[in-house]
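With chain A fixed as given, assemble chains B and C onto it according to the hints.
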Amino acid sequence: MAAVTPLLSTRGLRRSFGGLKAVDHVDFDLPAGEIRAIIGPNGAGKTTFVSLICGRVLPSSGTVTFDGKDISGLQAHQRVRAGIAYTFQITSVFANLTAFDNVALSVQRRLLDGKDKSGALHDGVMDALQKVGLTGHANAVAGKLAYGHQRLLEVAMGLALKPRLLILDEPTQGLSDGEIANFIALVRDLSKETTILLIEHNMHVVMELAGRITVMEQGRILAEGTPEAIRADADVQRAYLGA
Amino acid sequence: MAFGPYLLLATLEGLVMAAVLALTALGLSLVFGVMRVVNVAHGEFFMLGAVLAWWVSSLVSGNPAIGFLLALIVSPLIVGAVALVSERLVLRRLDYKPEATIVATIGLLYIIQQLVLTFYGPEARPVVAPFDFRIRLPWFGYSSYKLAVIAASILLVLATWFVLTRTKIGLVMRATQYDGEIAQAFGVPVDRVYAGVFALGAMLAAVAAVLIVPIQQAHYLMGLDPLLLSFIVVIIGGLGSLRGTVVAAVLIGLSDGIISVFFSPTLAKIIATSFVALVLVFRPQGLFGAETR
Amino acid sequence: MTGRAPSGRVFALHAAVILGLLILNFVLPEYHRGVFSRVLVLAAFAMGYNILFGYTGLLSLGHAMFFAAGLYGAGLPVYHLDWSVAPAFIAGIVSGAVLALAIGFLALRTTGVAFMIVTLMFAQVFYLITLFFTTYTRGEEGLVIRQDLRHLRMGDLDLALTDPSLRYLIALVLFSAVLIVTLFIVRSPFGRSLVAIRENEERMRMLGYNVFTNKLAAVVLSGAFCAASGAAYALLFGYVGSGFASIQYSILPLLWVLLGGAATTLGPLIGTLFMFYIVDFTSGFMPAYLLVVGAALILLILFFPKGILGSIRERWAPWLP
Chain A
1 MAAVTPLLST
11 RGLRRSFGGL
21 KAVDHVDFDL
31 PAGEIRAIIG
41 PNGAGKTTFV
51 SLICGRVLPS
61 SGTVTFDGKD
71 ISGLQAHQRV
81 RAGIAYTFQI
91 TSVFANLTAF
101 DNVALSVQRR
111 LLDGKDKSGA
121 LHDGVMDALQ
131 KVGLTGHANA
141 VAGKLAYGHQ
151 RLLEVAMGLA
161 LKPRLLILDE
171 PTQGLSDGEI
181 ANFIALVRDL
191 SKETTILLIE
201 HNMHVVMELA
211 GRITVMEQGR
221 ILAEGTPEAI
231 RADADVQRAY
241 LGA
Chain B
1001 MAFGPYLLLA
1011 TLEGLVMAAV
1021 LALTALGLSL
1031 VFGVMRVVNV
1041 AHGEFFMLGA
1051 VLAWWVSSLV
1061 SGNPAIGFLL
1071 ALIVSPLIVG
1081 AVALVSERLV
1091 LRRLDYKPEA
1101 TIVATIGLLY
1111 IIQQLVLTFY
1121 GPEARPVVAP
1131 FDFRIRLPWF
1141 GYSSYKLAVI
1151 AASILLVLAT
1161 WFVLTRTKIG
1171 LVMRATQYDG
1181 EIAQAFGVPV
1191 DRVYAGVFAL
1201 GAMLAAVAAV
1211 LIVPIQQAHY
1221 LMGLDPLLLS
1231 FIVVIIGGLG
1241 SLRGTVVAAV
1251 LIGLSDGIIS
1261 VFFSPTLAKI
1271 IATSFVALVL
1281 VFRPQGLFGA
1291 ETR
Chain C
2001 MTGRAPSGRV
2011 FALHAAVILG
2021 LLILNFVLPE
2031 YHRGVFSRVL
2041 VLAAFAMGYN
2051 ILFGYTGLLS
2061 LGHAMFFAAG
2071 LYGAGLPVYH
2081 LDWSVAPAFI
2091 AGIVSGAVLA
2101 LAIGFLALRT
2111 TGVAFMIVTL
2121 MFAQVFYLIT
2131 LFFTTYTRGE
2141 EGLVIRQDLR
2151 HLRMGDLDLA
2161 LTDPSLRYLI
2171 ALVLFSAVLI
2181 VTLFIVRSPF
2191 GRSLVAIREN
2201 EERMRMLGYN
2211 VFTNKLAAVV
2221 LSGAFCAASG
2231 AAYALLFGYV
2241 GSGFASIQYS
2251 ILPLLWVLLG
2261 GAATTLGPLI
2271 GTLFMFYIVD
2281 FTSGFMPAYL
2291 LVVGAALILL
2301 ILFFPKGILG
2311 SIRERWAPWL
2321 P
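Chains as they are written, first to last, in our numbering: chain A, 1 to 243; chain B, 1001 to 1293; chain C, 2001 to 2321.
No lab work stands behind these hints: they were computed from the structure.
Mixed in with the good hints there might be a few duds.
Straight line, CA to CA, 25 angstroms or less: simulated DSS-like cross-link-like pairs of lysine-lysine [unchecked claim]:
# : chain 1 : residue 1 : chain 2 : residue 2
1 : A       : Lys-131   : A       : Lys-162
2 : A       : Lys-192   : A       : Lys-144
3 : A       : Lys-144   : B       : Lys-1097
4 : C       : Lys-2306  : A       : Lys-144
5 : B       : Lys-1097  : C       : Lys-2306
6 : A       : Lys-144   : A       : Lys-131
7 : A       : Lys-131   : A       : Lys-192
8 : A       : Lys-192   : A       : Lys-69
9 : A       : Lys-131   : A       : Lys-69
Over 10 angstroms on every C-beta distance to chain B, these chain C residues come out as not near it, computed from the model [unchecked claim]:
#  : residue
10 : Val-2027
11 : Pro-2087
12 : Val-2144
13 : Ala-2160
14 : Glu-2199
15 : Arg-2203
16 : Tyr-2239
17 : Gly-2243
18 : Ser-2311
Distance ranges between label pairs, derived from CB positions [unchecked claim]:
#  : chain 1 : residue 1 : chain 2 : residue 2 : range
19 : C       : Ile-2090  : B       : Ser-1274  : 20 to 30 angstroms
20 : A       : Pro-41    : B       : Asp-1095  : 44 to 54 angstroms
21 : A       : Pro-41    : B       : Arg-1174  : 31 to 41 angstroms
22 : B       : Leu-1008  : C       : Ser-2084  : 50 to 60 angstroms
23 : A       : Ala-95    : C       : Asn-2210  : 55 to 65 angstroms
24 : C       : Thr-2135  : B       : Thr-1118  : 29 to 39 angstroms
25 : B       : Phe-1003  : C       : Thr-2135  : 35 to 45 angstroms
26 : B       : Arg-1174  : A       : Arg-11    : 44 to 54 angstroms
27 : B       : Leu-1077  : A       : Pro-41    : 12 to 22 angstroms
28 : B       : Pro-1005  : C       : Arg-2146  : 44 to 54 angstroms
29 : A       : Asn-139   : C       : Phe-2184  : 20 to 30 angstroms
30 : C       : Ser-2188  : A       : Gln-130   : 39 to 49 angstroms
31 : C       : Phe-2184  : B       : Ala-1124  : 47 to 57 angstroms
This structure is a prediction, so every number in the text was calculated from the model and none was measured.
C-beta: ideal position from N, C-alpha, C; glycine also.
In isolation and in its complexed conformation, chain A is listed as follows:
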């Protein structure tokens, strides 16, 4: 087995809501530098699973280890500061603030932690906006941006935290084909600096980006492997691809 400790791993992670087992004893490993996609039918527990990782939801039992440290006891904001960034499935930018201020909130958080004194607030913000191609919209009020631009702003807020793990929850939902193509290029670019965990329904995006794919069904991991292997897997086809 590989000697390198994975950046992120979960052991026996479980969460139930009432009687429903949303996430059921999941053991999961994510090595640094990878782009990993999680796919699965609606209600498979994907969002709950990543919410457990970033601490928005507390587990019924099980552990989450990040960078060799057990972070199960940390609150959500502490996990973000440990290097796990999460971008929301439903766009939740600060609608009444400018795009600049939205990203500034991420950058100033990083500056407050003293992790990065090199760049001033302004440079950090413009750098992130430039990466997602929103430089020209810096002074626009976020709520008035086009939907696709709001999604990109959401990603900019995530990447401006300079996370070690960036979790993207259905980032391409509602984007046009052209925007999706740009987005794929953006994520590829980001993956040079950070590990990416991606929940995605668009199989084209998944096949283009993912190094490996994890398939979830009914709260469990059904299969895991390269895009080719997953495409060929009979169980996955039955459960998800609908063959």
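For chains B and C alone, kept in the frame of chain A given last:
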């Protein structure tokens, strides 16, 4: 007087207080439960009920019972109408947003209170009780009217409970409380239910005030205490829970009555108010309420 | 600079306001100078309230307790222990800040309507406590601090706080200090965080912010400003009474801020000034002058929820802080 009878007297006084409080708090609880509106003007509806009771009974000469009974009917009706108008003109336009409605009902509080000051004046005025022979107990005599207040309150609470749980009106109200949108989809006229509930809540406070006004005089500033006590009761009983509200009213009324007899009433209020604030902080569903959605 | 309000214009505006108020000291007739002195002190109260309500989005119904903590924190030591003015003022601010820390720690466990009721309840407890210790506070009747105790002595300098002109200037210093600190905070990363918490708490958590500590800091700051105002009020006007701890004094800053414009730096001043004069005017001919307060609250919330400066900012001057 020996300790035992003294305690009995304190308990009786506490029960009278609890009886009035239960009705007042029930009104507040109903409005919060169904509409999710915290009505800060609730105490002023109480005050208005008392002042109107004085006004109505002062119009009638002869047997005080006639004036009182007339007040018992007319005063809540007028208060209900005032509540209805304020609901239509103000709360509905605010779309029942919690913060906006609180600010608006604070405004309403001042408007009602100051209008009463203008037209009724700063004096405290009594209403003659419909009957007031003393019941002779072995240790002391006790007002029969006060006992009647307790009985009347029990009847009214039971009637409210009956309406809420056993009638179509109650069903419609509970449906609205559970989920306004779904109720609307099933043809419940949510808008009218809100108006009705707000008026009903105010009327309960007014009835309580008419009952108490032969014991405690009508004054334009008398609304603050019942407001704060109702808050206390509703919070301890669990927001929007009928049974909890009644239990808490008895508890608070009794303990307030008893503590006030033995200690300073200010200290009693300090203890009750801090206790309630802490309940809200650490157990927001109330002491008797179940965990809600 | 990108994403920032134009600094020059903002500083010029605030400097002009302070300068204008300074000139008024020499121009205003005696009566109105007295009114303005009070308004400036109370505007600091409103600005403190605005930090929490306007910028952080937390509607408290109990800020009278912070004002009164400053009032009593400064007034009682002067009255009973013959403290001099400067340490008493500090004691007032510290009382407010400590109280705010304790109250914030408890009340911030709740949100929305529960937060409003909890703050209301705690303020009521504070009010009742001032009544309970009536031996020391003389309750509603209150204490009048002797004129000879209200002197600020520094070395050879002996300033009588009872002198109208000096009183105005000290009120202006307090007002300006609170205004400048507010402006500084609002334009700082901390201020941006508070506004973002108001807009979307959950998102802030997922950007790595400890929302609770940020809110707690806002409560303490707000409490300290209100207490500074209360302490100054006790020392400048020499009266300390339970009335200032009553619910009415929790409602008034809300009204002033709503009228002037929530989350604007200068709104609290405008709101306090307008309302003070409206009440002053109406109380001259009708006893039920609080009717105006009620009507203003309802009209504002129905038709004018952004207040005076908020509406101006929305229509004409988006750069207003």
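To test your reading of the hints: which numbers does this structure violate? Numbers 2, 9, 20, 23, 25, 27, 30 - these are the hints that the structure violates, sorted from lowest upward.
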